[in-house]
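Trainee: These are the residues of each chain, in order.
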Amino acid sequence: MDDFYRDYILDHYRNPRNFGTLERSDAQAEDLNPLCGDEIRMQLKLDDGVVEDVRFSGKGCAISQASASMLTEMVKGMKLADVAKLSKDAVLENVGIGISPTRMKCAMLGLRVLKSAAIGELAGWPDEE
Amino acid sequence: MSVAATPKVDAIVADFPILARPTSRGKRLVYLDSAATSQKPRAVIQALVDYYEQYNANIHRGVYEIAARATTEYERARVKLARFVGAQTSEIVWVRNTTEAINLVAYSWGSSNLRAGDALLLTELEHHSDLVPWQLLAQRTGAELRFIPVDDRGVLVLDDLDRLLEGCKLVAIAHVSNTLGTIAPLETIIPRAHAAGAVVLVDGAQGAPHLPVDVKALDADFYTFSGHKMLGPTGIGVLYGKHDLLAAMPPFVTGGDMIRRVEYAHTTFNDPPRKFEAGTSNIADAIAFGVAAEYLQAIGMEWVREHERILTGYALGRLAEFEPRGLAIYGPRDPALVSGVISFNFADVHAHDLASILDTEGVCVRAGHHCTMPLMDKMGWAATARASFYIYNSEADVDALCSGIEKAARVFGV
Ligand SMILES: Cc1ncc(COP(=O)(O)O)c(C=O)c1O
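Going down the list, the protein sequences come from chains A and B.
Start counting the first sequence at 8; every next residue gets the next number (the numbering used here).
Start counting the second sequence at 28; every next residue gets the next number (the numbering used here).
So that you can see chain B by itself, here it is in the shape it has in the complex (with noise of 0.2 Å):
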């Protein structure tokens, strides 16, 4: 079956207003970089124009109509949310990224958990966002940072798990990687770390938008998520912390809105999730991030991941027509374990001479180190270029990845 083929995702790409749009050159967009950001469905615009033009006011304070309707949205998106990763309301934390709920983490949860001579434990894959916020909790507590390794293909390496996990209080892993895409087994990491004692907390930038995720099932402690990745606005993310453990955190950000009682010398605060929502929130982007949750469940997030699996091994196949020409894919060749991620590199045509040629056929890959600048430095890659899919690319897009690959061979002749 050729699911990148089917009228679904025809219909999907009606639905995104940029993909319609031809380049400057009169190309048509090849949209391949949605693991740095998705594009965004009519439905998710819409939202946010109804929100400034019909409804635009702050919430949980206003007793008039449209701010209590501007609440009410507001909060009706965060249970969209909390039902996209099976996890309760309270338990959602709204957040502006990623990075932000890595950082809350990292500063509420470590600067009350960690002491001198433990343990956090990373992979060798992270993005800078799951690693520098953590350097700085061990510089600051003088924790040590330890890493899974990985082997040559960006596979992590379990065999001395128990090992790195002794002593440690908390485990930092992305569930699926940027650079590689390959997808970490969470369901043996996570009881593991919980028997040693340690907190998990799950990067989940590239596994929300791509994997059905459950975080009940999963066990994860804390799942971070970014809805700019998942067809959602900028600006706007989510932090799943279990209920006892936002509960036991102090606060991040303080101020307006996060407090209970607030008296001149003395605040008691609100409960989780609004205890870490300080400040006037980002109403119309959580709005809209609560649509694009509906748009991902609506199309059933066992499809995306099946399309991306189908797409993925495509993308192998044909990519490597062009290695007896000098193309190096890099990662697990297997699309089961990878998640619509690709990296490579052409003869010596470097990345960014490669995406700088693709650009010229409408093409988009990211080419650099993506963020991983350790793991670049592993495995003594300067850089690759990134291709990376999501609903609305099909097999006509490869194609077309795979005519700009000739291109750059003709330009550079290689």
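Extracted from the complex, chain A is given alone in its bound form (with noise of 0.2 Å):
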């Protein structure tokens, strides 16, 4: 496990990438691992079915900020379908190895939070008026 936090593995959970809000977004979710208190927030601007744009914002461990940093990376100019369907070894390829089972709650957290907003936008919320 502790050859788990390589540099760039640090790099992103102290400079996370694409992290913020946007003002506006067309798609979002977010949601927590009740177990640890990890959070996060995924909002994306959307171009005709592909992702312009994406921010992540929350707060928890490395595993689970780092891996949501690079998962923003890896999905910006992917069509919204692609995002529904991004598995989970697509983001163990992205974090590396030597994820211990207790902590793949944390890798998946932004997978999860990326993939229900993705869906849910693809599905059409439904209509809050």
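Please keep in mind that the hints were generated in silico from the structure rather than gathered at the bench.
Beta carbons are placed, not taken as given, at the ideal position from N, Cα and C, and that holds for glycine.
Just to be clear, a hint being listed does not mean it is correct.
[Unchecked claim] Stretch by stretch, here's where chain B covers chain A in the computed footprint (C-beta under 8 Å, at least three residues):
{"no.": "1", "region": "41 to 49"}
{"no.": "2", "region": "58 to 71"}
[Unchecked claim] Calculated lysine-lysine pairs in the DSS-like style (CA-CA distance at most 25 Å, straight line):
{"no.": "3", "chain 1": "B", "residue 1": "Lys-434", "chain 2": "A", "residue 2": "Lys-66"}
{"no.": "4", "chain 1": "A", "residue 1": "Lys-112", "chain 2": "A", "residue 2": "Lys-122"}
{"no.": "5", "chain 1": "A", "residue 1": "Lys-52", "chain 2": "A", "residue 2": "Lys-83"}
{"no.": "6", "chain 1": "B", "residue 1": "Lys-405", "chain 2": "A", "residue 2": "Lys-66"}
[Claimed, not checked] One side of the interface only, derived from the structure: several residues of chain B facing chain A at Cβ under 10 Å:
{"no.": "7", "residue": "Val-177"}
{"no.": "8", "residue": "His-270"}
{"no.": "9", "residue": "Leu-272"}
{"no.": "10", "residue": "Asp-380"}
{"no.": "11", "residue": "Met-400"}
{"no.": "12", "residue": "Gly-440"}
Relying on the hints, combine the two individually framed chains into one complex.
Mentor: Here it is, written out as structure tokens:
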């Protein structure tokens, strides 16, 4: 597990990419890991079904924050339909090896939030009016 | 005197088989999470095996030899637990754990004694187990929930206690905070609560394992604790209740074993404690819990407290060495005020990452909100790492914790 904390992970943890909020977004979702209190919110700006811009915000451990940060870099320019289909392995390839089973939830939090934003948008959230 | 290094600790460690097993990385197991659950000595494990291998039978009904032995051992365990906290045997109700004990009181006592407009007084330190059942009780009855505040070190502030107690029917308070280790001043709070006409439940989940407890001297009305945090098995705990209170309370779970006579339309209930013990009990675990209580009494609870006080003082001193590099210790810094629990954070290393790195060195600590989310929110802590001590811990364990923190500093470049 200690070999998981490589320099680029710590770099993403301390200098998260695409961190912040969008004033106007086309799709968004947030979730937390109730066991450890990690929180992540993802916002997407879309252009004709393609992710034009993305921001994430939240707090938590290096694993949850770095994997969310790397994910945002990965999905820019991606079709929303492909974001909705992203698999666990895509994140693990991105993040590298060595996540222990107890920390898998942390690594997957960003993906879960991102996919729920994408799937929600594709399916159409129920009208709130 | 360095109690923590005495041969007594070595002898205790030798009683715990798990502490002799290296981790998968070949490290010595340094167990610093006893506030979550304690390890078990051989005698407790053996008691479980003996029951299942020698006299497994249901209790209170069989006439044959092994059933009689099971009943005897089960009821002897109740006597041991009664002695452990200074209660009468009939005041010891077997439950699954502290959580169930508190729910039993919230439903049975609460529903028959609380009305709209009454108040319930808790503290801002409570574990979710001593908060959620009262929230639901307040919702069911229309009672008001109030909280004794804590200061920024997690010490209860009693300045407004008498006002908070006005119209209050029940006070529920942790003997020891599982997040900060602070010991509640029960000797001040309980008499004042009684003077205001309130009944007092003490959540003793972290009290009974670590401090000498005499429920009569405390004058607690209810005292709840879990076997698994005090060397016993999981799945067994105790609700202590004053006899007259238990006798007046309606049953909680109903069915077999808790009855005196059943007709098709009507039932008369057994006397306490069995009125509250419906269905086949957790026989093996109750018996093994009795063995755990005996083991602790043989060591002496005064010694347990003194050992943890000295070890906590040592740990506070060692952890303070990291303060210039950003280690923050929460809770009071005085070992006289805390019971074997230290919550902390290290620089910008998140508590979960710290716990993961410590794990690679065989050091087990807890990271997170410790089931006290409102306290964490109030203090503004997203998560903390928590080291908690028990009878088998020594200064060498604290040193291993500090080496692990050194490693985290290297990995994270702190
Ligand atoms: C102060 C306190 N109260 C209640 C509980 C709940 O105990 P159990 O999970 O055994 O019911 C705990 C356990 O963590 C605790 O520390």
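Trainee: Compare the structure with the hints numbered earlier in the document and write down the numbers of the violated ones, lowest to highest.
Mentor: Structure breaks hints 7, 8, 9.
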